[in-house]
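> Here's the letter readout for the chains.
2 protein chains.
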Amino acid sequence: MKRTTIMGAACAVMAMALHADALGTDALPSWNDGAAKRSIVAFVEKVTKPGSAEFVPETQRVAVFDNDGTLWAEQPMYVQLAFALDRVKSLAPKHPEWKEKEPFASLLKGDVKAALAGGDKAVLEIVMATHAGMTTDEFDQTVKEWLRAARHPRFDRPYDSLVYQPMLEVLAHLRQNGFKTYIVSGGGVEFMRVFAEEVYGVPPEQVIGSSGKTKLRMQGGAPVLVKQPEILLIDDGPGKPEGINLFIGRRPVMAFGNSDGDLQMLQWTTAGEGPRFGLIVHHTDAKREWAYDRESHTGRLDKALDDAGSEGWTVVDMARDWKIVFPATR
Amino acid sequence: MKRTTIMGAACAVMAMALHADALGTDALPSWNDGAAKRSIVAFVEKVTKPGSAEFVPETQRVAVFDNDGTLWAEQPMYVQLAFALDRVKSLAPKHPEWKEKEPFASLLKGDVKAALAGGDKAVLEIVMATHAGMTTDEFDQTVKEWLRAARHPRFDRPYDSLVYQPMLEVLAHLRQNGFKTYIVSGGGVEFMRVFAEEVYGVPPEQVIGSSGKTKLRMQGGAPVLVKQPEILLIDDGPGKPEGINLFIGRRPVMAFGNSDGDLQMLQWTTAGEGPRFGLIVHHTDAKREWAYDRESHTGRLDKALDDAGSEGWTVVDMARDWKIVFPATR
Chain U
-10 MKRTTIMGAA CAVMAMALHA DALGTDALPS WNDGAAKRSI VAFVEKVTKP GSAEFVPETQ
50 RVAVFDNDGT LWAEQPMYVQ LAFALDRVKS LAPKHPEWKE KEPFASLLKG DVKAALAGGD
110 KAVLEIVMAT HAGMTTDEFD QTVKEWLRAA RHPRFDRPYD SLVYQPMLEV LAHLRQNGFK
170 TYIVSGGGVE FMRVFAEEVY GVPPEQVIGS SGKTKLRMQG GAPVLVKQPE ILLIDDGPGK
230 PEGINLFIGR RPVMAFGNSD GDLQMLQWTT AGEGPRFGLI VHHTDAKREW AYDRESHTGR
290 LDKALDDAGS EGWTVVDMAR DWKIVFPATR
Chain C
-10 MKRTTIMGAA CAVMAMALHA DALGTDALPS WNDGAAKRSI VAFVEKVTKP GSAEFVPETQ
50 RVAVFDNDGT LWAEQPMYVQ LAFALDRVKS LAPKHPEWKE KEPFASLLKG DVKAALAGGD
110 KAVLEIVMAT HAGMTTDEFD QTVKEWLRAA RHPRFDRPYD SLVYQPMLEV LAHLRQNGFK
170 TYIVSGGGVE FMRVFAEEVY GVPPEQVIGS SGKTKLRMQG GAPVLVKQPE ILLIDDGPGK
230 PEGINLFIGR RPVMAFGNSD GDLQMLQWTT AGEGPRFGLI VHHTDAKREW AYDRESHTGR
290 LDKALDDAGS EGWTVVDMAR DWKIVFPATR
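Listed in order, the protein sequences are those of chains U and C. Position 131 of the first sequence, counting from 1, maps to 120 under the working numbering, and the rest follow consecutively. Position 3 of the second sequence, counting from 1, maps to -8 under the working numbering, and the rest follow consecutively.
These aren't lab readings, by the way, just hints derived from the structure by calculation. One should not assume that every hint holds.
Treat identical chains as interchangeable: a pair holds within one or across any two.
What the hints assert, rightly or not - Straight-line Cα separation of at most 30 Å, DSS-like style, residue types lysine-lysine; simulated pairs:
{"hint": "1", "residue 1": "K98", "residue 2": "K35"}
{"hint": "2", "residue 1": "K38", "residue 2": "K88"}
{"hint": "3", "residue 1": "K312", "residue 2": "K88"}
{"hint": "4", "residue 1": "K292", "residue 2": "K90"}
{"hint": "5", "residue 1": "K204", "residue 2": "K292"}
{"hint": "6", "residue 1": "K35", "residue 2": "K204"}
{"hint": "7", "residue 1": "K78", "residue 2": "K312"}
{"hint": "8", "residue 1": "K78", "residue 2": "K38"}
{"hint": "9", "residue 1": "K102", "residue 2": "K38"}
{"hint": "10", "residue 1": "K204", "residue 2": "K110"}
{"hint": "11", "residue 1": "K292", "residue 2": "K133"}
{"hint": "12", "residue 1": "K292", "residue 2": "K38"}
{"hint": "13", "residue 1": "K202", "residue 2": "K110"}
{"hint": "14", "residue 1": "K312", "residue 2": "K83"}
{"hint": "15", "residue 1": "K202", "residue 2": "K38"}
{"hint": "16", "residue 1": "K204", "residue 2": "K98"}
{"hint": "17", "residue 1": "K312", "residue 2": "K202"}
{"hint": "18", "residue 1": "K202", "residue 2": "K276"}
{"hint": "19", "residue 1": "K133", "residue 2": "K78"}
{"hint": "20", "residue 1": "K292", "residue 2": "K312"}
{"hint": "21", "residue 1": "K35", "residue 2": "K276"}
Just so it is clear, the structure is predicted and the values come from calculations on it, not from any experiment.
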């Protein structure tokens, strides 16, 4: 035990030396030098500097990231919705009742807009109905195969390659500085877990999302978990702090979002005592990605944008702050 | 980046050397040398040995522990129930209706047995009713104060000192070998999180338990989470694998329990591919702790004990396998 402690201390000292060395390099090379980048770098520096008045012990370094529109593209529709639409088509022969039942009827007619008119709740219903009835392992497999085959309609690239390179750098920079990085998303937890580890370096146990119920069943003598068409948690809006409390059990130090669905997560995170950090990705780049905020159906950013100034949250201007948006290849 | 990698590798090598050195020492000094102890040590050795056919990568090293009866004493009643009883007494003046309403009426008359006749569901109802209506921060504070003041009726010691020293050693041994140790308990998640980090070294985000709903409210201009008298999850029996899937998103490699409430967690864990380990703490020590199994109301162990042999689970005979039960002081 004692020698382990000494070794741990030695490694910690060497890590500190390395950290000092690393200060000369650029942890966020895809960010233009501006207020947004500087606010991230400065915050991490002050909370990790031993002896600093604003030092945060490593066990408390929790950073939460929304996924859709914050870590990857959410236009023209949520990726998981694109997956669900394809699933509706594949499953339709087994569900003749969908021809008469909204939002499925509209979807099957190709009228996505009408189907989405029911709002986030309708979206989650579609998701639950098309995701349920299989085991968790079968679901994983289905998502994996879909991600391999599907292409984004505008960029003709795999959906999981349309992640924001500058945000990947933020994730890595935080982890190098002892932060645990979490995804806290309105998207389905099991959907995100399929790619979050490979794409973001975020392991399954650090992904929090909207969740359906599962039920344990015996199948060929072995227990399996079968996904049920029943919503357990909607991890959006006020559901985000509620979900963080349920899963993590402590208030994060940093929160990153892009829409009003992240407002309460940003409020709750930055209302804590001691140093706190909030950031909003503002989609201002119609050329390289999309420009949208107050009027958008997907990822509406209105109240959170109004509050950012008085709350002291960093607002990223995607067009101005990011050198590149997506990685060249993945 | 490069230097960090090199340093990381250097630390890993030194850690390995230390590990080799540590093999000569005893990681589980409170365990008598017997089949139970040897099964734990041998399993950890084989899954952590690089190049071994049964090697498990560090990211997949997840071990789950039941709490009541597995990590600390659960007799004569669950600790959280003792807390809830004291809460019923403190809150009774504000709830005149409890005088007429079971299980509260029996509790207030001091008839714990009658109140408990309703089973685990009744217990959880008491817990939810006495835990709700306050903010999560207020609840933390209430539990902390109660743990400081309350004494176990038989041992006249703080409840959180009645933890099993041999199991603390297992937790530490697993963590030293790259395992993430989780608590997966029928007990309330927020109750356990108050002491789990200090007592077991398990951080809040690695505690999974039965959960009530919370609701975000503004209080004096700041967002707070208020506990609701509504059950969200019962993390017992089949609820344990369901909870593990929800919170962790991967199947554990090792599972530790002591009752039929842990049966499905043990089954689900050990039904996975590759090396798996299941262990049951059998309470056989009336002198130092308690002796109970098939007939016990709290922590009944019946079916899981029948299945242990054919499933290949280790059964700990507390009287024979443990040199000491509780730490001398804490």
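> Hints broken by the structure, by number, lowest first?
1, 2, 3, 4, 6, 7, 8, 9, 11, 12, 14, 15, 16, 17, 18 and 21
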